[in-house]
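Engineer: The chain contents come next:
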Amino acid sequence: MSAPAVARRPAALATVARVVSWPLAAFGLALGVVARVLLYPLHRWRGRDFDGEAYGAQALAYLGFRSTRFPPLVAPVPAAGESPGPWNEARRRMCKSSVALASWVGTCLYLYVAVAAQLGWVAGNFGAGDRDAVFAAPTGFAGPHVLGTDQLGRDVLALALRGVTTAMWIGVLSAALSSVLGTVLGAIAGYFGRWVDVAIVWLYTTLESIPYLLLLLAFNFVLRKNEDFVEAYRTSFLATDLKLSLGVTTIVLTLGLTSWVGVCRTVRAEFIRQRDRDYVIAARALGLPTRNILFKQILPNVFHLVLVSFSLLLVSAIKFEVILSFLGLGLDPEEASWGSMISQARLELLREPSVWWQLTTATGFMFGLVLCVNLFADALRDALDPRLKH
Amino acid sequence: MAAYVLRRLLYGIPILLGITVVTFLLFHVVGGDPARMLAGKMATPEKLAEIRHELGTDRPMFEQYLEFLRQTVTFDFGRSWQEKRPVGELIVAGLAPSLSLAVPAFFLETVLALALALYCAFYRGSFVDRSIVVAAVAGISIPSLAYIIFGQYFLAYEWKMFPIFGYAPLPGGVAFLLLPMVIWVLLGLGSEVRFYRAVMLEEIQQDYVRTAAAKGLPTGRILFRHVLKNALIPVITRVVISIPFLMLGSLLIELFFGIPGLGNMTVEALNRSDFPVVKAFVVIGSVLYILFSILTDVLYAWADPRVRLR
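Protein sequence lines correspond, in order, to chains A and B. The opening residue of the first sequence carries number 0 in numbering that gives the first Met the number 0; numbering runs sequentially from there. The opening residue of the second sequence carries number 0 in numbering that gives the first Met the number 0; numbering runs sequentially from there.
Everything labelled a hint here was simulated from the structure, so no lab data went into it. Treat the numbers as computed from the prediction; the structure is a model and nothing was measured. Accuracy of the hints is not assured; some may be wrong.
Label-pair restraints from in silico Cβ distances [what the hints assert, rightly or not]:
no.: 1; chain 1: A; residue 1: Gly192; chain 2: B; residue 2: Val173; range: 52 to 58 Å
no.: 2; chain 1: A; residue 1: Ser82; chain 2: B; residue 2: Ala137; range: 34 to 40 Å
no.: 3; chain 1: B; residue 1: Leu227; chain 2: A; residue 2: Val32; range: 54 to 60 Å
Mimicking DSS-like on lysine-lysine, the simulated pairs with C-alpha atoms at most 25 Å apart in a straight line are [what the hints assert, rightly or not]:
no.: 4; chain 1: A; residue 1: Lys224; chain 2: A; residue 2: Lys242
no.: 5; chain 1: B; residue 1: Lys214; chain 2: B; residue 2: Lys228
no.: 6; chain 1: B; residue 1: Lys83; chain 2: B; residue 2: Lys46
no.: 7; chain 1: A; residue 1: Lys224; chain 2: B; residue 2: Lys46
no.: 8; chain 1: A; residue 1: Lys224; chain 2: B; residue 2: Lys83
Using N, Cα and C, we set each Cβ at its ideal position, and we do this for glycine too.
My request is simple: use the sequences and hints to build the entire structure.
Structural biologist: Here it is as structure tokens:
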């Protein structure tokens with residue numbers, strides 16, 4: 000996105016963005032504090048220490064809106080006057096763009112809706128059909144069915160809200176799976192070179208040569224037909240603890256295992272560029288273990304690429320869910336997902352009078368999320384890589 | 000050049016082997032037992048054994064793989080399990096409908112995207128440029144099914160501008176292909192414009208453009224002779240590498256508009272567990288991809304004399 004000619008700091012929007020991201024930050028910091036407390040004996044034993052007081056003070060200052068500096072989750076807290084580091088720098092750059100802030104606010108809101116719906120706070124009875132109100136027209140906020148009902152009398156708004164959860168699960172899990180896979184393989188290939196590189200490049204060239212949609216459809220299809228897989232799914236924590244349906248699990252696995260090629264290629268190229276830099280040679284000379292060099296020394300310098308790929312993968316996963324569900328390879332019609340809503344609703348347009356609300360609602364919800372994440376990915380890429388000017 | 004092409008073709012062999020292994024694993028290991036699917040839930044063990052024998056899935060894995068490899072090399076994929084016709088025949092039948100939609104639509108989309116991108120890059124930062132960028136982002140955020148469903152409903156059903164559904168061979172069936180083409184272009188335009196705009200912007204900020212403008216060349220000449228020519232490499236890559244995927248057409252569009260092309264066939268084959276057909280599509284698509292990626296590299300050298308093929 001091109002920045003507006005006069006870049007003014009959108010103060011109101013920035014405040015909204017900070018308030019909206021507060022729960023997320025609080026959750027992340029709480030996790031960070033817990034991890035630090037748990038790991039404290041280990042750190043002491045290794046002869047390392049961290050300044051828990053400074054960390055806690057910085058965390059409280061951030062959460063109390065008294066500082067804009069986010070306390071780093073792994074590195075020591077920088078002292079006053081010290082460089083805030085590339086991530087805080089990128090954050091500062093993003094706060095200047097109203098598009099970035101607005102898309103971040105939107106993404107956060109979707110995320111909270113997803114969490115609320117997963118916990119049953121919102122749209123808890125989305126599956127309950129009202130036999131007397133089949134295809135009821137939208138009533139607005141005055142009536143019982145704000146956005147109407149579907150062919151089983153289920154509330155369309157509740158279905159769409161519940162669909163946010165489904166989309167988020169699919170998007171986040173599959174993007175995380177393929178990002179991790181792509182990053183690890185790309186790092187190994189780029190760093191070690193030689194036959195490891197040849198093997199991994201061969202693997203991803205092979206996968207890439209297969210037409211993607213076909214690979215996706217075929218993989219998804221055979222996975223669902225495999226009784227052993229279905230059995231393994233039923234007893235796994237995915238089904239019993241997370242209550243993810245078979246359709247969601249299959250889509251996550253299919254997308255996660257097939258869409259890592261792009262990340263792998265980027266990470267590999269970057270690792271090849273980094274592996275002979277001075278800091279890597281120094282790390283090697285100091286005798287750091289290879290795992291440390293790969294993932295603690297080099298990876299932080301490459302991580303911005305992974306982050307951007309992650310958000311783009313998230314978008315494409317949500318889009319593919321719709322296509323797969325439509326083709327009957329995704330979620331079951333009883334599940335609340337935008338894909339199954341759209342595919343059910345497609346013939347309802349032809350009814351007299353036309354039933355347009357289910358299709359429009361699902362399309363609108365999906366459009367909002369995809370637009371926010373797309374814009375955010377663009378802004379992220381611009382902020383993390385200032386050389387790029389799109 | 001010939002040596003380079005030959006070497007690249009040889010590199011293609013391990014890739015092709017990889018593809019056959021992936022496909023084979025997919026259908027023979029991950030896919031479970033096809034006989035049980037074909038026979039249905041109530042089949043007797045004898046019936047199952049009979050079907051397995053007929054399909055050849057009772058033979059050792061390695062033997063089956065060799066058979067699949069033989070099929071790949073000879074492009075003879077046996078018979079469809081459902082249609083009982085040779086797979087090759089099916090593919091040839093589906094090729095014409097697919098291509099008659101895909102080729103003009105893809106051409107139109109590329110030309111339109113290039114024109115818009117060139118316009119945006121030239122008037123960068125202007126209101127029109129920013130509107131096009133915003134429209135492109137919005138365009139790629141709308142679910143593809145929404146384009147198809149709303150397009151079909153409003154343009155064809157409500158306003159009766161196009162036939163709703165159906166196919167007839169060219170040249171008689173042009174009317175049936177118009178709406179699918181329009182939707183195809185709309186579907187892809189957003190991401191294409193974004194990509195080409197970035198490419199053009201990169202080029203248009205180069206020194207030679209300023210030099211050309213300074214010595215008084217007309218704008219049209221700068222844009223079409225200088226910028227477009229220099230931006231050709233990424234354009235070629237994107238266009239050529241998309242060609243193998245055109246074969247499948249846009250699966251969803253073919254499905255919605257009842258065009259009996261390869262995309263439609265794929266979905267049908269998947270729905271009916273027709274493994275030989277899907278396997279054939281996967282392998283043929285991949286072979287085309289390998290060939291076209293070699294073609295891309297050769298075209299690189301042709302477009303940019305600085306590129307040496309090694």
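Engineer: For every hint, state whether the structure bears it out.
Structural biologist: Against the structure, the hints:
For the pair glycine 192(A) and valine 173(B), the beta carbons lie near 54 Å from each other, so the given range of 52 to 58 Å is met. Between serine 82(A) and alanine 137(B) the beta carbon distance is about 38 Å. The supplied range of 34 to 40 Å therefore holds. The hint said 54 to 60 Å for the Cβ distance between leucine 227(B) and valine 32(A), and at roughly 57 Å that hint holds. Taking the CA atoms of lysine 224(A) and lysine 242(A), the gap is near 21 Å; set against the 25 Å cutoff, the hint holds.
With a C-alpha separation of about 19 Å, the suggested pair lysine 214(B) and lysine 228(B) falls inside the 25 Å cut-off, and the hint holds. Taken as a hint, the lysine 83(B) and lysine 46(B) pair is honoured in the structure, with Cα atoms around 19 Å apart against an allowance of 25 Å. For the given pair, lysine 224(A) sits about 20 Å from lysine 46(B) by alpha-carbon distance, which is consistent with the 25 Å threshold. Simply put, lysine 224(A) and lysine 83(B) have alpha-carbon atoms about 22 Å apart, close enough for the 25 Å limit, and the pair holds.
Of the numbered hints listed earlier, not one is contradicted by the structure.
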